[in-house]
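For the record, the sequence lines run as chains A and B. Following the numbering used here, the numbering of the first sequence begins with 1 at its first residue and continues without gaps. Following the numbering used here, the numbering of the second sequence begins with 1001 at its first residue and continues without gaps.
A hint or two may mislead.
What the hints assert, rightly or not - If you anchor each label on the Cβ, the simulated ranges turn out as follows:
id, chain 1, residue 1, chain 2, residue 2, range
1, A, G195, B, D1070, 51 to 57 Å
2, A, R78, B, N1260, 41 to 47 Å
3, A, D44, B, I1045, 57 to 63 Å
4, B, P1067, A, V114, 33 to 39 Å
5, B, I1110, A, T122, 27 to 33 Å
6, A, D207, B, F1301, 36 to 42 Å
7, A, L200, B, L1229, 35 to 41 Å
8, B, F1016, A, V145, 46 to 52 Å
Said to hold, decoys possible - Capping the alpha-carbon separation at 27 Å, the derived lysine-lysine pairs in DSS-like fashion look like this:
id, chain 1, residue 1, chain 2, residue 2
9, A, K250, B, K1062
10, A, K224, B, K1280
11, A, K309, A, K224
12, A, K224, B, K1121
13, A, K250, A, K101
14, A, K135, B, K1019
15, B, K1280, B, K1121
16, B, K1056, B, K1125
17, A, K135, A, K224
18, B, K1276, A, K250
19, B, K1280, A, K164
20, B, K1019, A, K164
21, B, K1084, B, K1233
22, B, K1177, B, K1276
23, B, K1121, A, K41
24, A, K104, A, K252
25, A, K309, B, K1124
26, A, K164, B, K1062
27, A, K250, A, K164
28, B, K1280, B, K1056
29, B, K1280, A, K101
30, B, K1276, A, K252
31, B, K1019, A, K137
32, B, K1056, B, K1233
33, A, K164, B, K1177
34, B, K1233, B, K1062
35, A, K309, B, K1125
36, B, K1124, B, K1233
37, B, K1048, B, K1233
38, A, K101, A, K224
Don't read these hints as lab results, they were simulated from the structure. The beta carbon of each residue, even a glycine, is placed where N, CA and C say it ideally should be.
Read off the chains here:
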Amino acid sequence: MANEMALKKGKFGLKSFALSRKKEKDDEMETSRMVKSDGTKVGDIVFVVICVLISLICLVPMINLLARSLSGTDFLVRREVYLLPKGLNIDAYSTVLGDPKYVKSFFWTVFLTVICTFISLTMTVLCAYPLIFNKLKGRSFFNIVITITMFFNAGTIPNYLLMKELNLLDNPLVLIIPGCMSVYNMIIMRSFFYGIPDSLRESAEIDGASFFRILWSIYLPLSKPVIATLALFYAVGRWNGYSDALMYMKNKDFYPLQLLLYNILNNMNSVEVATQEGFSTPGLSESLKAAIVMFSTIPILCIYPFLQKYFIHGVTLGAVKE
Amino acid sequence: MKVLATKNAAVSTTSFNWKAYIKRYWQLYALLLLPMLYLLIFKYIPMKYVLIAFKKYSIVQKVGEMPWADNHGFQYFIQAFHNKDFLNALRNTVCLNLLDLVIGFPIPIIFALILNELNIKWFKKTVQTIAYMPHFLSWVIIYGLAIQLFAPGNGLVNMVITNLGGDAVPFLNDPGKWVGTYIFLGIWQSFGWNSIIYLAAIAGISPELYEAASVDGAGRFRKMWHITLPGIKSTIVVLLIMALGNILGSAFDRPFALQNNLVMQNAEVISTFVYKNGIKGLQFSLTTAVGLFQSVVGVFFLLFANWLSRKLGERGIW
């Protein structure tokens, strides 16, 4: 270890190549002081400024959107709204909240998201937990069955024909069942389970606990961080997904919010193209559009910051192969 | 004879008590039942419909009963490669993915390096939270934001440009500029999220190395270049190779949400081509053939990328 360090140090000028072990302790004190003061103040400021700029690039679109959704029609038509709302009012929001079409779709999407997250988490645990037992006969077979699905996907049309055969087209279940387990998320959960010491499980086995019981009383309580992460991934996936509804769902009553939003934006956009040639004025429609976008993104924006420390861990777990 | 006897003995000593095993382990199989059923139905059964690529699709017949397509079943593949729209979609898929890779790949690495230089903890965390935000927006919402930002008349960017005396730029409606917008939005959405993995890799580098470098008088950038970058090299290589393996892959949500009729020559990719000609246009055989082509080539790309990764002395992706 000391040798290795010395070698690495050697790269930077050989000054400390021959440091004796005894001296290392004093040295550590010295370096820790140096680490704090080594970067110049100017350098620090440059990095802070860069980070502020990057944050602004991320935030400006959202701020602009918020400003537009709260602005008065006249100011929008005169193109005076930049980052602060002008002629502050909440007409657009009251229009959105007063329209049963949006509110119904909102609650349907909330319902879908909750149900899907619950089912997906259950399926993920059911799949990941048995696979950590070395003694399970056929474990490698199951692993192969799972891995193949990651590399080869039958494709859009075969999936569509399957939904047709299963009578799932235009059935609300099509938004729940086909996506009810992600193999990637399952692997994240399995990696987490592997990280739980075997000794815990083995002592429980010796005490005569059943596998259900070990899962319920040992693994699940210890897995709260990864469960929170995967719950976020599944919830975001369902909340943001629209392609399955676009392909499999014709009944507008069951449109999730994102698909509804897509249709609204596209219809309005064609109106807007017309207005540029002077046919009509974009007024409330524009703040309305901004309000609808805001309305359909707020729930997730309110949740994700609180789960930050968990999902960072989850992403890292996904990258680690067993 | 003697050999046989010892063999038998070996078998009997290791002979497996199935009864006891099942009695103890049935619970695990019971737990696996639902997930495996799910994979069977939704991942494996669709594979039988892949045969449609080689058959003349008919709505009233089962897959097995449909007549084989002409040219030994490869009629639809030949047709696809004579189809101008498909060739265009193929070109766009590869070009957009390559641009994403070349422009978008280094940015999360640079961002992670910058974040790593921040000493104020709360500031670093705030920047991270803000940078992760776009990842949680759906592509439909990003499309909505893009309209508000880039619309020629009243988009924020164009308002600034015209106020400064310039001409409005058709970011969304000009095929060439649309590509730039598409790449920019892709990077905007994912750079923060993709930096997580590099940050984790950086966190795994031993602090002793930095201390030693400081002792030797290495400055900030020398440490970045000689310690941080080599420390995350294998992460970079693995992610780069995965991205290369996915060069023919095409997600649906992003291109479909962002494209519009004026820019189709650059915006149509394979996934949207399949949706429009298959589910909307009902040319099931042709689009299944296209999808199969994409899947198979994709698998080969991935195998090749993994082989390359190992050849370069890095761990493969599996």
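Now the hints, each set against the structure:
1. In this structure the hint that G195 of chain A and D1070 of chain B lie 51 to 57 Å apart at CB holds, the actual value being about 56 Å.
2. The supplied range of 41 to 47 Å is broken by R78 of chain A and N1260 of chain B, whose beta-carbon atoms lie about 26 Å from each other.
3. At roughly 58 Å, the beta-carbon separation of D44 of chain A and I1045 of chain B lies within the given 57 to 63 Å, and the hint holds.
4. For the hinted restraint 33 to 39 Å between P1067 of chain B and V114 of chain A, the CB-CB distance of approximately 47 Å leaves it violated.
5. For the pair I1110 of chain B and T122 of chain A, the beta carbons lie near 40 Å from each other, so the given range of 27 to 33 Å is not met.
6. As the Cβ distance of D207 of chain A to F1301 of chain B is approximately 50 Å, the hint placing it in 36 to 42 Å is violated.
7. A hinted range of 35 to 41 Å holds for the C-beta pair L200 of chain A and L1229 of chain B, which are about 39 Å apart.
8. Between F1016 of chain B and V145 of chain A the C-beta distance comes to about 23 Å, which lies outside the given range of 46 to 52 Å.
9. In summary, the hint linking K250 of chain A to K1062 of chain B is supported, as the alpha carbons are separated by about 24 Å, within the 27 Å threshold.
10. Note on K224 of chain A and K1280 of chain B: the hinted pairing is violated, with a Cα-Cα distance of about 43 Å set against a maximum of 27 Å.
11. For the hint linking K309 of chain A to K224 of chain A, the alpha-carbon distance of about 12 Å falls within 27 Å, and the restraint holds.
12. Of the supplied pair hints, the one linking K224 of chain A and K1121 of chain B holds, its CA atoms being roughly 25 Å apart against a limit of 27 Å.
13. Taken as a hint, the K250 of chain A and K101 of chain A pair is honoured in the structure, with Cα atoms around 16 Å apart against an allowance of 27 Å.
14. For the hint linking K135 of chain A to K1019 of chain B, the alpha-carbon distance of about 15 Å falls within 27 Å, and the restraint holds.
15. For the proposed pair K1280 of chain B and K1121 of chain B, the alpha carbon gap of about 52 Å is over 27 Å, so the pair is violated.
16. Taking the CA atoms of K1056 of chain B and K1125 of chain B, the gap is about 57 Å. The hint is violated against a cut of 27 Å.
17. As the CA atoms of K135 of chain A and K224 of chain A are separated by approximately 26 Å, the hinted pair is consistent with the 27 Å bound.
18. With a C-alpha separation of about 15 Å, the suggested pairing of K1276 of chain B with K250 of chain A holds against the 27 Å cut-off.
19. A distance of roughly 14 Å separates the Cα atoms of K1280 of chain B and K164 of chain A; the hinted pair therefore holds under the 27 Å criterion.
20. A distance of roughly 42 Å separates the Cα atoms of K1019 of chain B and K164 of chain A; the hinted pair therefore is violated under the 27 Å criterion.
21. About 41 Å separates the Cα atoms of K1084 of chain B and K1233 of chain B, which puts this hinted pair outside 27 Å; it is violated.
22. Using a Cα cut-off of 27 Å, the hinted pair K1177 of chain B and K1276 of chain B holds, with the two alpha carbons roughly 24 Å apart.
23. As the CA atoms of K1121 of chain B and K41 of chain A are separated by approximately 16 Å, the hinted pair is consistent with the 27 Å bound.
24. Distance hint between K104 of chain A and K252 of chain A is fulfilled; the C-alpha atoms sit about 11 Å from each other, no more than 27 Å.
25. Between the alpha carbons of K309 of chain A and K1124 of chain B the distance comes to roughly 13 Å, so the proposed pair stays at or under 27 Å and holds.
26. For the suggested pair K164 of chain A and K1062 of chain B, the alpha carbons sit about 13 Å apart, so the restraint of at most 27 Å is met.
27. Among the hinted pairs, K250 of chain A with K164 of chain A is consistent with the structure: their alpha-carbon atoms are about 13 Å apart, no more than 27 Å.
28. For the given pair, K1280 of chain B sits about 18 Å from K1056 of chain B by alpha-carbon distance, which is consistent with the 27 Å threshold.
29. For a cut-off of 27 Å, the pair hint linking K1280 of chain B to K101 of chain A stands: about 26 Å separates their Cα positions.
30. In summary, the hint linking K1276 of chain B to K252 of chain A is supported, as the alpha carbons are separated by about 20 Å, within the 27 Å threshold.
31. For the suggested pair K1019 of chain B and K137 of chain A, the alpha carbons sit about 13 Å apart, so the restraint of at most 27 Å is met.
32. Distance hint between K1056 of chain B and K1233 of chain B is unfulfilled; the C-alpha atoms sit about 50 Å from each other, more than 27 Å.
33. Taking the CA atoms of K164 of chain A and K1177 of chain B, the gap is near 39 Å; set against the 27 Å cutoff, the hint is violated.
34. A C-alpha spacing of about 52 Å is found between K1233 of chain B and K1062 of chain B, which places the hinted pair above 27 Å, so the restraint is violated.
35. For the suggested pair K309 of chain A and K1125 of chain B, the alpha carbons sit about 10 Å apart, so the restraint of at most 27 Å is met.
36. A C-alpha spacing of about 23 Å is found between K1124 of chain B and K1233 of chain B, which places the hinted pair at or below 27 Å, so the restraint holds.
37. Distance check on the hinted pair: K1048 of chain B and K1233 of chain B sit about 42 Å apart at the alpha-carbon level, beyond 27 Å; violated.
38. Restraint check for K101 of chain A and K224 of chain A: the C-alpha separation of about 37 Å exceeds 27 Å, so the hint is violated.
When each numbered hint is compared with the structure, violations occur for hints 2, 4, 5, 6, 8, 10, 15, 16, 20, 21, 32, 33, 34, 37 and 38.
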